[in-house]
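Trainee: Under full-length UniProt numbering, the residues of the sequence shown are numbered 1 to 182, in order.
It is worth saying that the hints were derived from the structure and are not from the lab. Check before you lean on any hint, since a few could be wrong.
[Said to hold, decoys possible] Cut-off 35 angstroms, straight-line C-alpha distance, at most; resulting in silico cross-link-like pairs (DSBU-like, lysine-lysine):
(1) K107 / K134
(2) K137 / K107
(3) K16 / K137
[What the hints assert, rightly or not] Taking CB as the label site, the calculated pair distances span:
(4) S119 / R15: 23 to 31 angstroms
(5) H91 / V11: 28 to 36 angstroms
(6) P140 / G70: 22 to 30 angstroms
(7) Q138 / E33: 15 to 23 angstroms
(8) Q161 / L71: 17 to 25 angstroms
(9) V11 / G97: 40 to 48 angstroms
(10) M129 / L71: 25 to 33 angstroms
(11) S73 / E14: 13 to 21 angstroms
(12) K137 / G70: 32 to 40 angstroms
(13) Q37 / S9: 19 to 27 angstroms
(14) F53 / G23: 23 to 31 angstroms
(15) A56 / L22: 28 to 36 angstroms
(16) R15 / F53: 32 to 40 angstroms
Cβ coordinates follow ideal geometry from the N, Cα and C atoms, glycine included.
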Amino acid sequence: MLSLSPPDSAVDTERKLYQLVLGYSQSLPSVMEAFDQGCQQYQWHQVGENALFIIAQYFQNDSTTSTVKGLLSVQDSVFFGHRLIEELHDHLMCHCGHPVLPWNMTKTNLLMHQFIGQSFAAQLEVTAMELTEKLMKQTPDDVTTDKPSHQEAPWPCFFEQYDLNVSAWPTSGSHAMFNPGR
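All chains should be modelled from the sequences, with the hints used to inform the complete structure.
Mentor: Here it is as structure tokens:
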């Protein structure tokens, strides 16, 4: 469980969390584009195209069934998109030897897991992992590798730019404004 502590003030923490959620949502298109470019560079064309199609379909299906409005209405779709790309990106990094995405979203994905609800987020995690297994069967055996001979620059953590401290998250209450009731 994750928690934010110690808050400068409840209002300041709430503002930072809102900015994080908004930034997380707004970053998905650029993360998708970077992933697609990495897939093109390393001959994972089919994987990239299919992953982006799956994410687009999830958004389309989610928008027709959601009863929640505003920023919260897309958080499960955004989380699913980031998680599917993160899972596939882990495999791609094994082939190319370095990240192709602009941000490390792991810590933010963990926090978003709390915001959308443990049970529903766990279902989305399983779906992302199952789809990754299926999509990985589409990777060519002779993937071009471009492993760097020198140490790459650090891979920046998306979460850290929002100046929030993370520790143990309480099981209920503090994230209620972000939980769409799933």
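Trainee: Next, verify each hint and record whether it holds.
Mentor: These are the hints, each one checked on the structure:
1. Simply put, K107 and K134 have alpha-carbon atoms about 25 angstroms apart, close enough for the 35 angstroms limit, and the pair holds.
2. For the hint pairing K137 with K107, the CA-to-CA distance comes to about 28 angstroms; that is within 35 angstroms, so the pair holds.
3. In summary, the hint linking K16 to K137 is not supported, as the alpha carbons are separated by about 40 angstroms, beyond the 35 angstroms threshold.
4. Judged by the Cβ atoms, the range 23 to 31 angstroms given for S119 and R15 holds: they are separated by roughly 28 angstroms.
5. Here the CB-CB span from H91 to V11 is close to 41 angstroms, at odds with the stated 28 to 36 angstroms.
6. The supplied range of 22 to 30 angstroms is broken by P140 and G70, whose beta-carbon atoms lie about 42 angstroms from each other.
7. For Q138 and E33, the Cβ-Cβ distance of about 20 angstroms falls inside the hinted range of 15 to 23 angstroms, so the restraint holds.
8. Remark: the range hint 17 to 25 angstroms for Q161 to L71 is upheld by a beta-carbon distance near 19 angstroms.
9. At roughly 44 angstroms, the beta-carbon separation of V11 and G97 lies within the given 40 to 48 angstroms, and the hint holds.
10. For M129 paired with L71, a C-beta distance near 26 angstroms keeps the hint of 25 to 33 angstroms intact.
11. Between S73 and E14 the CB atoms are about 19 angstroms apart, so this pair conforms to the stated range of 13 to 21 angstroms.
12. Take K137 and G70: their Cβ atoms lie about 38 angstroms apart, and the range 32 to 40 angstroms holds.
13. In this structure the hint that Q37 and S9 lie 19 to 27 angstroms apart at CB is violated, the actual value being about 41 angstroms.
14. The given range of 23 to 31 angstroms is respected by F53 and G23, whose C-beta atoms sit roughly 25 angstroms from each other.
15. In this structure the hint that A56 and L22 lie 28 to 36 angstroms apart at CB is violated, the actual value being about 21 angstroms.
16. Our hint of 32 to 40 angstroms for R15 and F53 holds, since their Cβ atoms are close to 36 angstroms apart.
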